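Student: Heads up: the sequence lines are chains Y and U, in that order. Under our numbering, the letters of the first sequence match residues 34 to 333, in that order. Under our numbering, the letters of the second sequence match residues 34 to 333, in that order.
Possibly wrong hints are sitting among the right ones.
Identical copies go unnamed one by one, so any copy, or any two together, can satisfy a pair.
Here are the simulated EDC-like pairs of lysine to aspartate or glutamate, each with C-alpha atoms no more than 16 Å apart in a straight line [as the list claims (entries may be wrong)]:
no.	residue 1	residue 2
1	Lys70	Glu60
2	Lys306	Glu328
3	Lys146	Asp180
4	Lys70	Asp59
For the record, the hints were derived by calculation from the structure and aren't laboratory data. As the structure is a prediction and not an experimental result, all values here were calculated from the model.
There are 2 protein chains.
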Amino acid sequence: MKIHKRLIILMKQFNFLPKLFNSWKDEYQEDVRYGLKGRTLIEKKSKFQKITVFESKRYGKALLLDDCWMTAEKQEKQYHECLVHPALCSSEELNNILIIGGGDGGTARECLKYKELKKLKLIEIDELVIEMSKRYLSEIGCNCWLDPRLDVQSEDGISWVQKAEENSFDAIIIDGSDPKGPAKGLFNKKFFQNCRRILKSNGVFAAQTESPEAFEKTHIESVKVIREVFGKADPLYGNVPIYPSGWWSWTFASIGKRRYLYPINSRAEQISKTCQFWSPRWQKGSFDSIPAHIERKLKS
Amino acid sequence: MKIHKRLIILMKQFNFLPKLFNSWKDEYQEDVRYGLKGRTLIEKKSKFQKITVFESKRYGKALLLDDCWMTAEKQEKQYHECLVHPALCSSEELNNILIIGGGDGGTARECLKYKELKKLKLIEIDELVIEMSKRYLSEIGCNCWLDPRLDVQSEDGISWVQKAEENSFDAIIIDGSDPKGPAKGLFNKKFFQNCRRILKSNGVFAAQTESPEAFEKTHIESVKVIREVFGKADPLYGNVPIYPSGWWSWTFASIGKRRYLYPINSRAEQISKTCQFWSPRWQKGSFDSIPAHIERKLKS
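Excised from the complex, chain Y in its bound form (with noise of 0.2 Å):
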């Protein structure tokens, strides 16, 4: 056998190709898969999950948890943008806003985008997932994890809330994967309640809530445990192509009346320029493009 083929073998044996050459890399849901080729940076286990970076000749460096899409380089924009400005463009204050998830930093860079917003607290479960993110995906988080204004905390952000303060946070966001593994509890109605609970009442709350087509079940459970919770809730509609068939959904509730859904004038403007997809047309239009068959569902 010639020595370039007993090499290849040997680095087969060590899973040492993926890292040299390029490959498809795929996540795979109820018989439908979506690959990226390219080829795996770094791939470690935490106490909680599998953590990859993978770098994809498409979208530049991606970040997977258990071999799910969470983010990439150049794709993630449309994700932080439409979590996180319907909230924070309504909230009446931004002195005090509370990120539950969120390792990889890029709901963080959004929120510090607002001048007016005096304390940011991250707390993210698993430490290892923000170390990888500000190595390997600092074009995601950007300059936010060197803010004086954020506070990063490792810690289960369900039994944080269970024990954080009454009525102290303008926003509270929550940026989780999905309702599996460290994120299962993040999508149920205890959790929810203690998320208003510590919400002001003049605050708005966000979630992501799913795909209204892979998971239309958690999507509209979710968004109706949202409703109950908070008196007021909408999800609003869009599209993040490398989450399981690229439709996806994000849910906003408030107390009393939707202020979630009239962005502030003067922050908006300020906001609209440095945003690819977010503008308030398009977050007036993504609250309304609710497909009839779910709009059904949600009102049974």
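For this one, chain Y is given, so just place chain U on it according to the hints.
Tutor: Same frame as chain Y, now just chain U:
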């Protein structure tokens, strides 16, 4: 060698295995792939393209042209409803409607829901697409092929519109594939000029205009040229998970005023009950949910 191993090798040689066992069928686009699990039912070559019918586990029977997903039984309503109803709900009359492409029958099926529609002409370049759709994808076309109002012709739509009589159609719907192979000419100015010539002044033009993400350049150019030719034109954004990036667009145009923005109430009420995705609210939202960067590029 055991007899069953010999048999498998033989079957592989004659490309017979995929028809018996489930495997992945992927569409590849610029280092991204989207695949469904299932088995190929039949694959034929026509004068124009390779036509595949694939039985997917997730979305039922699906059609591919030259290895690109075109439609699937449980994944087609968002495409066909979004293409047809903004046009047919707003054109002043529905006496004479034209479809270019649409050989799977889904667009015709949606058009024929309108009782006041009198004549529907479908010009599909590839006879074999119609034949195979009738045989294998009967859940998509349903009974449209038997409706006496439908007149099907296998002809090149591009040269057909050149010869058609001016001012003769109440709505023209372009339901073609991506701008390569037989559908290439469906995206150029001369073709759109002929469409305008044969459209009545109170009619509406509709075309699928590709993905604002996966085919951004083609999308923007198409909207710009349609706007230039008709005077008034606007893109509408939605989701077709089996298409590249899942994020799709349709562009509507009319002469004089943007009538496609205003569905006629009586028709909308009649149609809404039959739709899974389309509703007047959804339509309004989908015209507004234009990504900020696309809006800027369309203005420049």
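Student: Does each hint hold? Answer for all of them.
Tutor: Results of checking the hints against the structure:
1. Lys70 with Glu60: Answer is both; intra-copy 12 Å and inter-copy 13 Å each pass.
2. Lys306 with Glu328: between (32 Å within a copy, 12 Å between copies)
3. Lys146 with Asp180: Close inside one copy (11 Å), not across copies (58 Å); limit 16 Å.
4. Lys70 with Asp59: both (9 Å within a copy, 13 Å between copies)
Consistency note: the structure conflicts with none of the earlier hints.
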